[in-house]
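Student: For what it's worth, numbering that gives the first Met the number 0 labels the leading residue of the sequence shown as 0, then goes sequentially.
Treat the hints as calculated values from the structure; they're not laboratory data. Quick caveat: nothing in here was measured; it's all calculated off a predicted structure. You may find that some hints are simply not true.
[Claimed, not checked] Simulated DEER-style distance windows between Cβ atoms:
no. : residue 1 : residue 2 : range
1   : K182      : D67       : 43 to 53 angstroms
2   : N30       : L118      : 27 to 37 angstroms
3   : S21       : H206      : 20 to 30 angstroms
4   : K23       : P122      : 43 to 53 angstroms
5   : D229      : D28       : 31 to 41 angstroms
6   : N145      : N166      : 24 to 34 angstroms
7   : Q19       : T80       : 11 to 21 angstroms
8   : E116      : Q96       : 18 to 28 angstroms
Note that beta-carbon positions come from the ideal geometry of N, C-alpha and C, so glycine has one too.
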Amino acid sequence: MGDIDNGYMVEVDRVSFRYQNSAKPVLTDINLGVRRGQVVGIVGLSGSGKTTLMNILNGIIPRRINGDFQGRVLLNGQEITEKDVFELSTVIATVFQDPDSQIVFSSVEDEIAFGPENLCVPPDEILQRIDDITELLQIENLRYRNPNNLSGGEKQLVVIASVLSLNVEILILDECMAQIDNKGRQLIMAAIKNLRDSGKTIIMVEHDFSNLAYADQIYLLADGRLKPYDGVLQ
């Protein structure tokens with residue numbers, strides 16, 4: 000890739016990483032460009048480096064995990080090393096497999112409001128964000144429900160809503176449908192389409208190719224290298 004293209008929402012430029020006390024790098028010369036409103040899928044076998052790549056995109060590496068890091072990562076044209084943790088939390092966020100591990104409150108509305116409240120967003124703006132997000136994800140009917148009483152798919156939508164309440168532009172979905180039944184999967188797939196259409200940038204880390212129906216591009220991560228997927232899982 001080499002030359003930085005500020006048209007990308009996410010750009011990984013010649014990134015390599017080796018963990019401390021490890022002889023072999025986990026990632027080698029990784030290049031990736033994702034434009035606004037794109038859905039990109041990343042697939043790979045266990046141990047291929049998917050988690051390491053996610054930690055780099057989130058700024059956890061090299062900020063909190065030591066090792067030999069080389070290359071550059073840009074979010075919306077700005078190097079990730081120039082952003083502090085607070086700023087990163089309003090640009091990029093990850094939704095993990097288990098929604099129960101990310102839900103704290105006994106009300107969906109409180110769950111969605113929690114992030115912006117911590118950022119001291121004015122109450123009127125928080126309510127407007129909740130209105131907008133629940134409409135976008137088509138979960139207005141869940142707003143006053145207890146998340147503990149929802150289905151797995153509905154819970155995952157609440158987690159996505161709580162992330163979106165921070166006005167993040169980039170979502171990483173880490174096998175977010177792995178523990179969801181088919182009905183919940185359909186709900187999340189519909190939400191992904193709506194998010195893409197609204198201009199959100201989505202990176203899906205997946206093992207199930209059927210979950211990547213809306214992906215504009217799929218990449219394979221194997222042997223520490225990322226390349227466009229050609230239909231062969233090594």
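Student: Just tell me: holds or violated, for the beta carbon distance of E116 and Q96 against 18 to 28 angstroms?
Tutor: holds (26 angstroms)
Student: Regarding Q19 and T80, is the given constraint of 11 to 21 angstroms on their beta-carbon distance met?
Tutor: Hint holds: Cβ distance 19 angstroms, inside 11 to 21 angstroms.
Student: For the hint 24 to 34 angstroms, verify it against the beta carbon of N145 and that of N166.
Tutor: For N145 and N166 the Cβ distance comes to about 26 angstroms; the hint holds.
Student: Does the Cβ-Cβ separation between S21 and H206 fall within 20 to 30 angstroms?
Tutor: holds (24 angstroms)
Student: Given a hinted range of 43 to 53 angstroms, is it respected by the beta-carbon distance of K23 and P122?
Tutor: At 51 angstroms between Cβs, range holds.
Student: 43 to 53 angstroms was suggested as the range; check whether the CB atoms of K182 and D67 agree with it.
Tutor: The hinted range 43 to 53 angstroms holds for K182 and D67, with Cβ atoms some 45 angstroms apart.
Student: At the C-beta level, are N30 and L118 separated by a distance inside 27 to 37 angstroms?
Tutor: Holds, at about 33 angstroms.
Student: Check the following: the C-beta atoms of D229 and D28 are separated by a distance inside 31 to 41 angstroms.
Tutor: violated (18 angstroms)
The structure does not agree with numbered hint 5 stated previously, though it agrees with all others.
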